[in-house]
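Use the sequences and the hints to build the structure in full.
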Amino acid sequence: MAEATANGLGQHALHPHDAAIVAKAETHQEHPIKLYLVVWAWLFILSTCSYLVDYFGLHGYLRWSLILIFMMLKAGLIVAVFMHMAWERLAMMYAIILPPILVLVFVTMMVLEADYTLLTRIAFFGPGP
Amino acid sequence: MAETTLTHTSQLDRPPGWRGIAADWASDQRAFKNVSWGKAMMWIFLLSDTFIFGCFLLSYMTARISTRVPWPNPSEVFALRIGGSEIPLILIAIMTFVLISSSGTMAMAVNFGYRRDRRKTAILMLLTAALGATFVGMQAFEWTKLITEGVRPWGNPWGAAQFGSCFFMITGFHGTHVTIGVIFLIIVARKVWRGDFDVGRPGFFTSRRGRYENVEIMGLYWHFVDLVWVFIFAFFYLW
Numbered sequence: 514m515a516e517a518t519a520n521g522l523g524q525h526a527l528h529p530h531d532a533a534i535v536a537k538a539e540t541h542q543e544h545p546i547k548l549y550l551v552v553w554a555w556l557f558i559l560s561t562c563s564y565l566v567d568y569f570g571l572h573g574y575l576r577w578s579l580i581l582i583f584m585m586l587k588a589g590l591i592v593a594v595f596m597h598m599a600w601e602r603l604a605m606m607y608a609i610i611l612p613p614i615l616v617l618v619f620v621t622m623m624v625l626e627a628d629y630t631l632l633t634r635i636a637f638f639g640p641g642p
Numbered sequence: 213m214a215e216t217t218l219t220h221t222s223q224l225d226r227p228p229g230w231r232g233i234a235a236d237w238a239s240d241q242r243a244f245k246n247v248s249w250g251k252a253m254m255w256i257f258l259l260s261d262t263f264i265f266g267c268f269l270l271s272y273m274t275a276r277i278s279t280r281v282p283w284p285n286p287s288e289v290f291a292l293r294i295g296g297s298e299i300p301l302i303l304i305a306i307m308t309f310v311l312i313s314s315s316g317t318m319a320m321a322v323n324f325g326y327r328r329d330r331r332k333t334a335i336l337m338l339l340t341a342a343l344g345a346t347f348v349g350m351q352a353f354e355w356t357k358l359i360t361e362g363v364r365p366w367g368n369p370w371g372a373a374q375f376g377s378c379f380f381m382i383t384g385f386h387g388t389h390v391t392i393g394v395i396f397l398i399i400v401a402r403k404v405w406r407g408d409f410d411v412g413r414p415g416f417f418t419s420r421r422g423r424y425e426n427v428e429i430m431g432l433y434w435h436f437v438d439l440v441w442v443f444i445f446a447f448f449y450l451w
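If you're matching them up, the sequences are chains A and B in order.
For this note's numbering, add 513 to where a residue sits in the first sequence, where the first one is 1.
For this note's numbering, add 212 to where a residue sits in the second sequence, where the first one is 1.
Read the hints as simulated data drawn from the structure, not as lab findings.
A quick note: this is a predicted structure, and the numbers were derived from the prediction, not measured.
The beta carbon of each residue, even a glycine, is placed where N, CA and C say it ideally should be.
Incorrect hints may have been included.
[As the list claims (entries may be wrong)] Over 10 Å on every C-beta distance to chain B, these chain A residues come out as not near it, computed from the model:
no., residue
1, G573
2, Y574
3, L575
4, A604
[Stated by the list, open to error] Pairwise CB distance ranges, derived in the manner of DEER restraints:
no., chain 1, residue 1, chain 2, residue 2, range
5, B, G384, A, G589, 26 to 32 Å
6, A, L632, B, A342, 28 to 34 Å
7, A, I635, B, A342, 32 to 38 Å
8, A, I610, B, Q241, 33 to 39 Å
9, B, W370, A, A554, 32 to 38 Å
10, B, A238, A, L617, 39 to 45 Å
11, A, I610, B, F309, 24 to 30 Å
12, A, I546, B, W405, 18 to 24 Å
13, B, G349, A, M622, 35 to 41 Å
14, A, I635, B, R242, 51 to 57 Å
In structure tokens, the structure reads:
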């Protein structure tokens, strides 16, 4: 991705007085088309892989770990390249990406809570119909 | 607007890395140095939307863990009979490919927007909108199929009653996002086609002049919709 550039190409065209200001204001996310095509192809491959996990009926930890790996790779590609996060400054990345990661604390709490609910349900209503 | 303190990335003379975070967030200045207010606000909106979908998926997880009744097998529920044999999850797989393709065309549209190629940008955005509409159409088909099979928010023929409510809530909210995105895409595509961003025509609502960055901001929303689908696909359909 070293060839990727962020520039203000073509901003000086129509409104000289405005364009001079705007050209400074905007950071242009302009990257070679090939990069998008490669990412697109990878997203197709990864989606096919995650579909095949279900098609071949994999089970247990293998299934769950494969689903999570393919999911994170796809999400990473979309955010980093399609949404141009890879070229933003670190202050922006942390402001946007860190809060959703903290949701994992909430996930942990709800897993514990749901396990407890299941235990009490089994204790009071029996192990299920 | 934010012209005053913004500078060009390549000219940006600020420390990188952790020192950069401290310097950028320090007081009496704007934190996002080379990001316009429009893009920063879209990101912050998307962050809040992430929490909404996060809560939906969390409540689905909680319901699924805590029920004693077996969860319906999505692989069988969403199977389609094509050519005499049941193919598991095939409609969902096609929907996934449609949405990823629309993300690809959107990324291209952003690229051509910055190259000031009005025609290609507008066509690619309309193609993105068409793929999005296809996705919503397939979702409507899926809902119809499940409803005729007897899935309701309070029960279904195959197992845990919470399946229906989770399904309608999560996919319904996502479908709404796609629909809004399609409308938003058509509006921006019309502006691009008409050359609003070239001549600096004031917007109908805010009376501000749009820029080609608006296409990228629109793209952020659209990629987010695709991103959410990645998580729904993994957790609801595949898990």
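Structure-based check of all given hints:
1. G573: holds (12 Å)
2. Y574: holds (13 Å)
3. L575: holds (13 Å)
4. A604: Violated, because the least Cβ-Cβ distance between A604 of chain A and chain B comes to about 4 Å, which does not exceed 10 Å.
5. B:G384 - A:G589: 26 to 32 Å: Once the Cβ atoms are compared, 27 Å apart, the range 26 to 32 Å for G589 of chain A and G384 of chain B holds.
6. A:L632 - B:A342: 28 to 34 Å: Distance hint for L632 of chain A, A342 of chain B is violated at roughly 50 Å.
7. A:I635 - B:A342: 32 to 38 Å: Violated, since I635 of chain A and A342 of chain B (Cβ atoms, about 50 Å apart) do not stay within the stated range.
8. A:I610 - B:Q241: 33 to 39 Å: Between I610 of chain A and Q241 of chain B, where Cβ atoms are some 22 Å apart, the hint is violated.
9. B:W370 - A:A554: 32 to 38 Å: holds (37 Å)
10. B:A238 - A:L617: 39 to 45 Å: Once the Cβ atoms are compared, 29 Å apart, the range 39 to 45 Å for L617 of chain A and A238 of chain B is violated.
11. A:I610 - B:F309: 24 to 30 Å: holds (26 Å)
12. A:I546 - B:W405: 18 to 24 Å: holds (21 Å)
13. B:G349 - A:M622: 35 to 41 Å: Holds, since G349 of chain B and M622 of chain A (Cβ atoms, about 38 Å apart) stay within the stated range.
14. A:I635 - B:R242: 51 to 57 Å: Hint holds: Cβ distance 55 Å, inside 51 to 57 Å.
Going through the hint list in order, the structure does not satisfy hints 4, 6, 7, 8, 10.
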